[in-house]
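Go ahead and model the full structure; you've got the sequences and the hints to work with.
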Amino acid sequence: MAQRIDVKDLNVYYGSFKAVEDVSMSIEPRTVTAFIGPSGCGKSTFLRTLNRMHEVIAGGRVEGTVALNGRDLYSKDIDPVAVRRTVGMVFQRPNPFPTMSIFDNVAAGLRLNGVKTKAVLAEAVERSLKGANLWNEVKDRLDKPGAGLSGGQQQRLCIARAIAVEPQVLLMDEPCSALDPISTLAIEDLIDEIKQQYTIVIVTHNMQQAARVSDRTAFFNLAATGKPGRLIEMGDTAKIFSNPTEKATEDYISGRFG
Amino acid sequence: MSTVTSSTEPSAVPSVGGGLSGLSRGRSVTNSIMTVVVYAAFLLALVPLAWILWTVLSRGYGLLMDQNWWLTSQRGITPRRVGGGAYHAILGTLVQAAVCALIAVPIAVFTAIYLVEYGRGKLARAVSFMVDILTGIPSIVAALFIYAVWVTTFGFQRVGFAVSLALVMLMIPVVVRSTEEMLKLVPNELREASYALGVPKWKTIARIVIPTALSGIITGVLLGLARVMGETAPLLILGPYSASINTSLVDGPMAALPTMIKDNFGQALQPATDRLWASALTLILLVLLLNGAGRVVARFSAVR
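Top to bottom, those sequences are chains F and A.
When we follow the working numbering, the leftmost residue of the first sequence carries the number 1, and every step to the right adds one.
When we follow the working numbering, the leftmost residue of the second sequence carries the number 1001, and every step to the right adds one.
Hints listed in this document are in silico derivations from the structure and should not be mistaken for laboratory results.
One thing to keep in mind: the hints can contain errors.
To be verified - Residues from chain F shown here face chain A by an in silico Cβ test under 8 Å; the list is partial:
#: 1; residue: V81
#: 2; residue: R85
#: 3; residue: G88
#: 4; residue: A108
#: 5; residue: R141
#: 6; residue: V165
#: 7; residue: Q168
The model shown is predicted, which means the values in this text are computed figures rather than measured ones.
Glycine included, every Cβ here is placed at the ideal spot set by N, Cα and C.
Below you can see the structure in the form of structure tokens.
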């Protein structure tokens, strides 16, 4: 189910502005990879290129290749919509669909992709909510609006919604930055559980979080404001946090940055 | 801070973040004056509204109590005679407005969807500019335009459908603008969440964006409808009055409430004058009803 991602010589542009330059990396299946780095270094932008979400913003385009199990996501015969079905995403702020109940929120991805059989939907909703550690909290009120949950529950609902369509890879863009520490802990435990089945990439500003949840860490940086972001160093999380190769990584991690 | 709080004397000049002092005289006077001004302005604005409502209500409600008012037409009733009803005019107004909405709403909603979801660059700017121009077109100009097309160019009669067409021109910009505002209020995060599930753009708009904005869109449509129902210029140019019931939009003159009011105006005979006020009250009630419906829809389908 989980698949590997190989990025080669990737440049990301918004119009004529080069946001990310020359990134090559491999993301292993069934691992958690964390992207860290200062604001504006392009880690979120880079994350969005992994499921072609950056194209939603006008002028977004890339050079280079992103291969999912050897298939280039950017080759001409690939439909970006199909890419996003394979590579799911969880966003910074919880964004359940406000018109829908808890059940409908989780079922949305399947329904909008044409699944109509009630039994299949009910089974997928239960499995996804259990997978997102939310089932026990909401099983008695599946028909209540999803927006009525607490922030942490909403974010887990969004994770359930994302895994309901059974993606190969799950991208998470600062999934805990709008949550309190207890909800953050719940999400981190969840990440630890679901990494058995998915390839997970997480962007975070929280260094402790990166150290806690990830197996591998990539550090992004930019030379100056207005310059494109670059991948500085990538390696096993333990090594990046204890004995990084690059001086810039060490400075950033130890707080001596800037 | 601790040294300041120990002094009981309120300081003459209140310092920022310093000691506490009572509300200064100058400020309490200004506050009273402004309160009076604000309330006076509000009451002043209320005077004409209350006046109109009272006048129309007190002079018009008598006839509305009679069920014949709602069930019969003015066929064969001279200004001198008491009796008859407004059924023909109510029917005409409702049918013309309904057909107008049927044509205008799809065009306007799709235009708004284009402007918010797809429109980039020159074409979108041009469309938006055209909608602005359409907003500013006086209703009589819209009516004359339809007259030039419908009557002069195609040689058709002045019928109810022509009135509806003129109303379409007036309703489209109102609904485009209100729908546009509602679609813009839908947070981008919802669109992204949908895209990230592998949902195509058109489906995202149809199943996520429109339902989220639906109550606002419906409210805008109902308010736009309420607005065009009272339009008189298109009726004067395109919709000659008839005292009889006519259910056809394409054959013969069709009555409407504004033209019924005008027909009874200047007759200097009590039965006609009574009918004038009663039809004015009927029109106001219809518009109020639509406004109320708009609010109810907004309340009950609002996104929680």
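A quick look at each hint next to the structure:
1. Interface restraint check for F:V81: the shortest CB-CB distance to chain A comes to about 5 Å, inside 8 Å, so the restraint holds.
2. The interface hint given for F:R85 holds, since its Cβ lies 3 Å from the closest Cβ of chain A, which is under the 8 Å cut-off.
3. Among the interface hints, the one on F:G88 holds; its C-beta lies about 6 Å from the nearest C-beta in chain A, closer than the 8 Å criterion.
4. The beta carbon of F:A108 comes within 7 Å of a beta carbon in chain A, closer than 8 Å, and the hint placing it at the interface holds.
5. Because the beta carbon of F:R141 sits about 14 Å from the nearest beta carbon in chain A, more than 8 Å, this interface hint is broken.
6. Because the beta carbon of F:V165 sits about 6 Å from the nearest beta carbon in chain A, less than 8 Å, this interface hint is met.
7. Violation of the interface hint for F:Q168 is found here, the shortest Cβ-Cβ separation to chain A being roughly 12 Å, above the 8 Å cut-off.
Of the hints listed earlier, those the structure fails to meet are numbers 5, 7, in rising order.
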